[in-house]
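> Chains as they are written, first to last, in my numbering: chain A, 1 to 331; chain B, 1 to 357.
Take the hints with a grain of salt, since some may be wrong.
[Unchecked claim] Label-pair distances were calculated between CB atoms; the ranges are: (1) A:LYS276 - B:GLY37: 25 to 35 Å; (2) B:SER235 - A:ASP234: 57 to 67 Å; (3) A:GLY112 - B:ARG308: 25 to 35 Å; (4) A:LEU212 - B:ASN49: 26 to 36 Å; (5) A:GLY78 - B:ASN49: 31 to 41 Å; (6) B:ALA174 - A:SER38: 45 to 55 Å.
Simulated from the structure, these hints should not be mistaken for laboratory data.
Beta carbons are placed, not taken as given, at the ideal position from N, Cα and C, and that holds for glycine.
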Amino acid sequence: MSREKLEKLGVKLPLFPTTSVGSFPKPDYLVKARSEFSKGKIPETNLHDLERRATAFWIEQQEKLGLDVLVDGEMYRGDMVAYFAERLPGFATSGLVRSYGNRYYHKPVITGEVAWSGPVTVDWWKYAQGLTKKPVKGMLTGAYTIMDWSFNEFYPDRRAAALALAKVVRQEVEALIAAGCKIIQIDEPALSVRPEELSIAIEAMEFTTKGLEAYFITHACYGEFEHIYPGMLDLAVDNFDLEMSNSDLDLLELFRRHPFTKDISFGVVDVHSHTKDSASAVRERVEQALTILPKERVWVDPDCGLKTRTVEEAVEKLRSCVTAAKSFRNA
Amino acid sequence: MSAAPGLYLSSTGSYPRIGDSPGLQILRRTIAGLDRGDRSTADLLDIQNDVTRYVIAEQVKAGLDVVTDGLIRWYDPISHLAGKLDNVQIKGLVRFFDTNTYFRQPVFTGTPLKRGHLAAGDYSFARNALGHLPTPSGKAGKLSIKPVLTGPYTLAKFSLGEQTGNGSSGQFAALEERAQAYSEILASEIETLAQLGAELIQVDEPAAIKYPNDWLIFEAALAPIIKARDNFTKSGRKLELALYVYFHDCAPFYEKLVALPVDIVGLDFTYYPKLVDMIVAKGSPKTLGLGLVDGRNTRLEDPAHVARQIERILPKIKGERAFLGTSSGLEYLPRDRAFAKLELLSKVRDALNGGRP
C-alpha cells in the first residue's frame, strides 16, 4: 500500500490528502519583472529575489488554506519542458514555434548527448521546504514528455531519446532525495498522445524511479486515456494525478471495467473555468470517486496547474479542494 | 531530361506564420494589436495577404511545383472551416493529435449552413499571388496552387453534437450525422474551387487512421465529395482529389486507403520505418503523396537517402507519378527550418537527376 510507503518515509497524511498539481499564477510584480528581465532591463538577482518572494507568498497561502502536501508554485519557470532543457547539456533552442492561436515559444532541440550537469530544481525545493513544516513535493517533467515536446536531431529514434533523458531525470530525482525530498511528482502530460508508445513511457519511468526511496506521483491530463488504460497502470509510480472534472469524470467508467490499482490525486476542480466550482459539485465528484475507489487511496486536488488563473481564482479553487476533503474526513 | 519525370515537389499544406526576425513577426504583432483594439480587421487582412504572398514566394523559391497558401489565415485545422458555418459555435481548446498544439472545438447548435465560401476566396487570392511572381527558369506552365480542406470525418470527429443541457441527446449527436453534414458542405466548396480553376484539391483526414473503428463512417463521409468531383469531371474538365493522412501509422490501412475512390493518397512515412519496404512490396494502384521528409522534426534528412527511397517506390506506383512532400504541414517547425525542408525536397530531385538541378 502506498500509504504504508509514505509512513515508512516518515510522511503522515490524513485521509483525502489535499495538494495541487504544480503551477500557480505569478503575481503581477513577477510577470512584469520577467518581462523586464527578458529585455535586459533588470539583473537576474532582482528577478530571483522576486521569484523567492512569490514562492514564499504561495507557501503561506497553501498553509493558510490547510493544504497537506505543498508545491513551490513554479514561480521561476515558464514552460515545463523548456525550463529543464535550458539547463541541460545536449539541448539548444529552436526558432519560434506556434503553440496555438497567437502564442509562440522556443521549442527545445536535442542536438547532442543529453546530460545532467548538476541539480536543476533542488535549491528551489530546499527554499520552499524551508518555509514550511508540511511536505513540499519535488516537481519534475518526465523523460517521455521532454522527448515528445522537443525536436530530436541527435538520437536515432524516440525511444533512444526518451531513455537517455530518463538517465538525466533520475539524477535529478536522486539529488532531490539526497536533499530530503520524500514526495516527487514527475509530470507526463504527453503520456497518452501516442498510445503505441506507452511502453516507451513505462520503460523510461521505470528507469527514472526504480529502487529510489520516495513516493512518486505522475500527472497527466487532457488525453485520450481510453487508449492507454489499464496499461498505464504499469508506470512505476505510486500515485496518478489525473484531470477528472474537465472530462466529466469519464475515467471512472474505465475504472469500473478494470480496477484502478494505484493511489489517485483526483482532480475535483476545473482549472480552465474562471468561476468557482460549487461546493456541491466538488463534493459530488469526490462521492463519485468513492463509488469505485477506496478512500485510503484518494487524494484531492485541482485538475491541472493553476497558472492560467488569477491569484484570487486559484486561491478559491484550492479552498474548494480543502473544504471538500475536510468534509469527507469528518463524515 | 529528368530521371523521374512523374515526380512533383509539393507542399503538404501549412507553413509557419511567423519567423524569428522582427520583420517576420508582423502577423503576430498585428493579431496582438487587434486584440488590444489598436489595429483593425482590415489591417489584419492586409497583413495576412502580405504574409501569404511571402509564403507562396518562399515555396516557389525552394523549387516546389505545387504550392499552397500556407494556411496562414487558419486559426487551426478544425475551427477555421467549421467556424464559418451558421449553427456551429466554436468552444474551448482541445489537444490536436500528438502535436502539443490545440484546436478550438466546434459544437453544433442546429443544422450547419454554409453562408459563404470556406476556402474559395483564399484560393483565388493565392492563385493570383502566384501568378504575379516571376516564373523561375524551367517552370513556365508547371507551377500550380493547391487548396487544402480538412475532411468531413476529421471535422466531425473533433466536433460535438448539440448540447441540450438536460442530459438528453441533441441534434447531430451521432458522428455519422455530423460527418455527412460537413461532407455536403465541403462538396459544395469543392465544386466552387473547381469552377475557380483548382485542378488538385487536398483533403486532410488525419483522424481516419487514428480511429479505425469509424472507418465505415469515414468512407461514407467521402461519398458526397467524390460525387462532386465526378459531376465536375464528367464533362471532361480536370479535377483531382488528394486524400492526405498523417499523425499516425498508416501502414495497417494502406490497402484500404489506396482502394478509396480518390485520385491521390498522401502518406506520412515518419511513424513506421518499414513503410517504404511495404509499398515496394505491395505497389500502389494510384498516385501517392510521399511524405518522406519529416515535417515535424528539425533534423534535416540526407537527400541521397530520400532519393534512394524514391527510386525504389516510384516504379511500383501506377503511372510512376508521385508528389514528394513533407510528412505533414510545416507549421510545427520554426520558419527557417521549414524553408530548409522545402529546399531539401529540391535537393532530393537533384540527387535523382545525378546532381543536376
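> Which constraints among the numbered hints does this structure fail? Numbers only, ascending.
Hint 4 is the one this structure does not satisfy, whereas the remaining hints hold.
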